[in-house]
Every structure is written in C-alpha cells, then in structure tokens.
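We have chain W already, so just place chain D on it with the hints.
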Amino acid sequence: MAERTYRINIAAELAGVRVELIRAWERRYGVLTPRRTPAGYRAYTDRDVAVLKQLKRLTDEGVAISEAAKLLPQLMEGLEAEVAGRGASQDARPHAETWRESMLAATQAYDQPRVSDVLDEVLAALPPLKAFDEVLAPLLCDVGERWESGTLTVAQEHLVSQMVRARLVSLLHAAPLGRHRHGVLACFPEEEHEMGLLGAALRLRHLGVRVTLLGQRVPAEDLGRAVLALRPDFVGLSTVASRSAEDFEDTLTRLRQALPRGLPVWVGGAAARSHQAVCERLAVHVFQGEEDWDRLAGT
Amino acid sequence: MIQDPSLIICHDVDGAPVRIGAKVKVVPHSEDGTISQRFLGQTGIVVGLVFDDPATQYPDDPLIQVLVEGLGEDLFFPEELELAPEWARNRIAQHRQAVRTGGRSSLERLP
Chain W
40 MAERTYRINI AAELAGVRVE LIRAWERRYG VLTPRRTPAG YRAYTDRDVA
90 VLKQLKRLTD EGVAISEAAK LLPQLMEGLE AEVAGRGASQ DARPHAETWR
140 ESMLAATQAY DQPRVSDVLD EVLAALPPLK AFDEVLAPLL CDVGERWESG
190 TLTVAQEHLV SQMVRARLVS LLHAAPLGRH RHGVLACFPE EEHEMGLLGA
240 ALRLRHLGVR VTLLGQRVPA EDLGRAVLAL RPDFVGLSTV ASRSAEDFED
290 TLTRLRQALP RGLPVWVGGA AARSHQAVCE RLAVHVFQGE EDWDRLAGT
Chain D
57 MIQDPSLIIC HDVDGAPVRI GAKVKVVPHS EDGTISQRFL GQTGIVVGLV
107 FDDPATQYPD DPLIQVLVEG LGEDLFFPEE LELAPEWARN RIAQHRQAVR
157 TGGRSSLERL P
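Line by line, the protein sequences give chains W and D.
With my numbering applied, the first sequence covers 40 to 338.
With my numbering applied, the second sequence covers 57 to 167.
Please keep in mind that the hints were generated in silico from the structure rather than gathered at the bench.
Certain hints may be false.
[Said to hold, decoys possible] Computed spacing ranges between beta-carbons, pair by pair:
{"id": "1", "chain 1": "D", "residue 1": "A78", "chain 2": "W", "residue 2": "D99", "range": "47 to 57 angstroms"}
{"id": "2", "chain 1": "W", "residue 1": "G328", "chain 2": "D", "residue 2": "K81", "range": "24 to 34 angstroms"}
{"id": "3", "chain 1": "D", "residue 1": "Q153", "chain 2": "W", "residue 2": "R270", "range": "41 to 51 angstroms"}
{"id": "4", "chain 1": "W", "residue 1": "M115", "chain 2": "D", "residue 2": "A111", "range": "51 to 61 angstroms"}
Glycine is no exception: its CB is placed at the ideal position from the N, C-alpha and C atoms.
So here's chain W without its partners, still in its complex pose:
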C-alpha cells in the first residue's frame, strides 16, 4: 500500500510548526526533502511529521534550529527504534473505528452524554483535521447510511449530528483566520445538510484561507448580494440531497446568474458529483479531492 502523505499545511498542523518555518528549515538547513507531487507540491510522510515534531521540541527548549538540524541523524535513529517498537504493539493506540463504533452504539441507545464524551476524547487525542477526516466525517456517513437503511431514526441521526455540529463549530472558532485568499461558503438554497460545508470551512481555514460561512439554505439572490459586498476570490457551494438533473441545473443556473461573471465557483457534495456534466456546462468546478484543496487555497 502506498505510504500516506500530507500537504505542507496538514503536516504543519500535525507537527505544530508553522508552514513558513517548515519551508525555512528545509531551505536553510535541509532538514527534510519532502517528495513532490506531479504538480510540484510538497508531500510529507508520517516520518517527516515526526521529525518536524522533534525539531519543534528542541527549538521550544531553546536549541537553535541550526544546532537541532545537526542532531538529525540521532533523531532519525530514535524514530526508527520507536517505529520498530510500535510495530510489536499496534493496538496500543485507540483506533478511529473504535471511537466511531462507540458513538454509533451510544446513538442507538439514545445516550447523548456518551456521544459527547467520546467526541471530547477524539478531539483531545487528534488534531482537528485528523479528527474530522478520520472520525467525524466517516461517522456522519455511517449515520446517514443507517438512517437511509432504516436502522437509525431521524431522532437518533439528529442526536449525534447535533453533537458533531457543535464540536465542528468550536473547532472553527479555534482555527486560524487566514490571510491571502477569501472564500464565501454556502449551501444550495434548499440544502439543509451543512456538515460537509463546515468541514470544508475547517480545512480551508487551516490552509490559510479566510472563510465567510453562510451555512444552510442560502437563497441565490442573497448569496449574490453577499458576494457583491464581500468580493471573495471564490465561492464554494455544497449540495448533498439528491435531486433531478433538471432541478439541479435550474438551481445551479440561478446561483451562477446571481454571482459575478468570472468569479470561480466550486460545488461539492453527493448531488454535485451526480450531476458533473451540468456543472461543466455551467462552468462550475466540481470538488473532487485532495488536489482541489491546494487549488482553492492557492498553495
């Protein structure tokens, strides 16, 4: 299996080191030589992140980075030993799956305090983006699928989604504010599912993008007015609930017409992926995955 890699913003967040410092340490001291994606973006492995953490620990203790960099061979040896040791006891760390199962069981039992406790445990153990990607987003997918198959009621779905939403909003409050680019994020006019939008806002904030979050059910005309006033670099739309191609095209056309010509518009969510041809015809980008975060953030 290919080794997991992270973009610089995610590596920075995982290691607790600012993006600029990672780049500076690479350029001045050659502490890391991350791989590059075909598009030229840096890609960091878990080992790279561990090295960055070690360097941060040393510099936090007052060691000059130029001196810390000289200790790199020893640091690498230590990491190798740690990895070898961990291999023997792979189950030591609680797994994301275990957390998700605990929350699903608590949801079945209408035990909201338990859901809340597990969420707190997750957020204490993992950095925000990792918590969202590995636990919260998959949990919400599980819950949605179980509701669809009739094994969870609407009340149970809301019991857990309200808790997750509250945590996501807290994470957003604590996220960096962003500087250079500005995105306005909104749900389609009739769309009530906003978790994906909140997750996108969280990711973009951690990528240094300034985000104005308008949330669920935003009428096209009101979105247009907001964009006119805010003059963002792009608009991100979310649409989850399934709809006919005609309905989707009609809504997207109204949204496109309400927005300034030439302004990049992105759309994500299950419904967008179902109607890619419509999006292409209306010159709207469909959000596809990891590479698109970089395009949105301009990193």
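For chain D alone, kept in the frame of chain W given last:
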C-alpha cells in the same frame, strides 16, 4: 518554558534586502535542489520576511516569502529573486556563504 524565537514579518524592515510589496521574479540560482521548480521564471509579490533564527539573520538575511498569483507562496533566498543585477545577487550569495562558513570555522577552533 516554550520558546519560539522565529520572526515572520509582513512589514518593511530596515536593512532587509527587499521591501514588502516589491514585484520580484524567481530566477534559477540555487543549486541545493530545495527550490520549488514550479516557481522558476514566475513573477510575484513579496508578502513576508521569515527569520527562523533572528539572532543570526535579522535584519539582512531573511528568507523572502513571495506570493505568485495562481501558484501560491514559497520562500526564497535574496539571490534567487531578480531584485538586483546578477553581479549584486552573486555578491549577496557569496557574503551569506562566507558568514556561514566563518561561523562554522570559528566554532571549530573552540577547544
């Protein structure tokens, strides 16, 4: 106690080799392989100065944060930016190298 002495500055600094907002072109100068190749030949705007060890770098030896529209940001040494004639960039690079080498040599002389 946690210390992070690094400085990331987004305003003009007396003695720095470049001004914030200056338009610069990234030129192939570095041979260390750490420069982002996709920035070569691109023109961008200086948006910041990064001093990861201010005690030895401030104010004249920052890494320069350049924003290139459509590509994003990255850091460059002064000699990698076309903000002075080539001979001047070479002098800057030689000076920085000499300071580093000098520092290392004096450390090596310590008992």
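Checklist entry - What hint numbers does the structure not satisfy? => result Result: hints 1 and 4 break, sorted rising.
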